[in-house]
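Trainee: Sequence:
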Amino acid sequence: MKVSNPIKVAKFPQRVTIELTNKCNLNCKTCPRRFVRNELGFMREDLFYKIIDEVSQYGSSIIPFFRGESLLHPKFISFMEYIKSKIVSPIYLATNGTLLNELISDKILDLEIDHISFSIDVANKNVFENNRKGSNYKKLINNILKFIDKREQRKIMKPIIQVSVVVTENNSMLIDEFKNYWRDKADKVRLYPEHSKDGNFGSLANNDVLLKERKPCCKPFTDIVIYWNGNVALCNHDWDRKDSLGDVNKSSLLSIWQSDQYNKLRIMQIERSWEEETVCSTCDHWSAYYLPKNVVGEIFTKNGI
Numbered sequence: 001m002k003v004s005n006p007i008k009v010a011k012f013p014q015r016v017t018i019e020l021t022n023k024c025n026l027n028c029k030t031c032p033r034r035f036v037r038n039e040l041g042f043m044r045e046d047l048f049y050k051i052i053d054e055v056s057q058y059g060s061s062i063i064p065f066f067r068g069e070s071l072l073h074p075k076f077i078s079f080m081e082y083i084k085s086k087i088v089s090p091i092y093l094a095t096n097g098t099l100l101n102e103l104i105s106d107k108i109l110d111l112e113i114d115h116i117s118f119s120i121d122v123a124n125k126n127v128f129e130n131n132r133k134g135s136n137y138k139k140l141i142n143n144i145l146k147f148i149d150k151r152e153q154r155k156i157m158k159p160i161i162q163v164s165v166v167v168t169e170n171n172s173m174l175i176d177e178f179k180n181y182w183r184d185k186a187d188k189v190r191l192y193p194e195h196s197k198d199g200n201f202g203s204l205a206n207n208d209v210l211l212k213e214r215k216p217c218c219k220p221f222t223d224i225v226i227y228w229n230g231n232v233a234l235c236n237h238d239w240d241r242k243d244s245l246g247d248v249n250k251s252s253l254l255s256i257w258q259s260d261q262y263n264k265l266r267i268m269q270i271e272r273s274w275e276e277e278t279v280c281s282t283c284d285h286w287s288a289y290y291l292p293k294n295v296v297g298e299i300f301t302k303n304g305i
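Residue numbers (this note's numbering): 1 to 305.
It is worth saying that the hints were derived from the structure and are not from the lab. Every residue, glycine too, gets a C-beta built ideally from N, C-alpha and C.
Below, simulated DSS-like cross-link-like pairs (lysine-lysine); rule was C-alpha separation at most 25 Å, straight line:
| id | residue 1 | residue 2 |
| --- | --- | --- |
| 1 | LYS215 | LYS293 |
| 2 | LYS86 | LYS75 |
| 3 | LYS29 | LYS125 |
Ranges of calculated distance between the beta carbons of each label pair, as one might list FRET restraints:
| id | residue 1 | residue 2 | range |
| --- | --- | --- | --- |
| 4 | MET157 | ASN263 | 38 to 48 Å |
| 5 | LYS86 | SER255 | 17 to 27 Å |
| 6 | GLY41 | SER255 | 15 to 25 Å |
| 7 | SER172 | ASP106 | 28 to 38 Å |
| 8 | GLN14 | GLU271 | 14 to 24 Å |
| 9 | GLN258 | ASP184 | 41 to 51 Å |
| 10 | ASP176 | LYS29 | 18 to 28 Å |
| 11 | ASN130 | LEU191 | 15 to 25 Å |
| 12 | SER259 | GLU152 | 42 to 52 Å |
| 13 | LYS146 | ASN170 | 22 to 32 Å |
The whole structure should be built from the sequences, with the hints applied where relevant.
Mentor: Rendered as C-alpha cells:
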C-alpha cells in the first residue's frame, strides 16, 4: 500500500523510543501511568540487542525510556554501553533522577550521551513530595546538582542537561520560582502543560494556544515506540495500546514500519479520519509540529528563550 501525502514518510523511523521498563518507583499525581492497565515488566536483553542492532543500520535517534523509570532496569548501564557502541546518532534520556548515584552518573558522563532530562516539578519541597509520592526532594536536588558539578569538573558539553516541570493549576504560582532556581544551573528549563488529565492520552488540560484547524500529526511518519515486551505502539502518547502495530520479537522494525497496518494509520492522518484511531482522535500534541518552535509548552535556556 503506497501513501501519497504532503508529509514525507521516512524509509525507517527517524526516532526510536525503546521502553526499558514501564515500572516506576514513584506515584505522581499528574502522570498518565495512573490510567495504564498494561502488564508491567522489563525488556529482555536479547530483544534489546536485536532492536539496537537493527536501528544501528539506519542512523536513527534513540530514546531509551517510556512510561517507566529506565534506571530501574537491572541492565541499564550495560544497555547504555551497548547503545553507544552501536549508535552514532543522538541519544535522549529522561529520568525522575531519584535513582541517580555515583556509578550511574559517572557512566552517563563517560558515555557522553547527548541529552538528559530530569523530571522534577517545582522548587518547593512540600508541593513536590505531595505530588510525587515516594520521592525525597532534598535527595533528588542533590543528585542533580552533583551530576551538573561532575560534568563541569570534566569540562565536557554532553549531555545537555534539562530540568522539567508539568504546569498544573496547583503549582502554576510556583513556576517562576522553579525557573529562577534552575535557569543558571541547567542548560534548559522545560515547562510542560498538563496532559491526559481527562484520561485521554495526549489531551491537553488547556489547549487555548494550539491551532484550531486539525492537521495531520507527524509522529506516524517519523517515530516508532516499542514497549518493554516488544509490542509496537504509535507514538509517545500511545500509553496503553491493546492492538499492537507489530511484535519486534517476531518481525523486524523495518517490516513493521512499512506494513499495511502502519500505512493505514498514516492515511487516516492525511484523510483526517483520526476518529478511527482512539489515541489520535483525543490527542492535542499534533499541533506542536505546526507551532513556531515545534513544541508544546516553553523551553528556557541559559542564553535566553
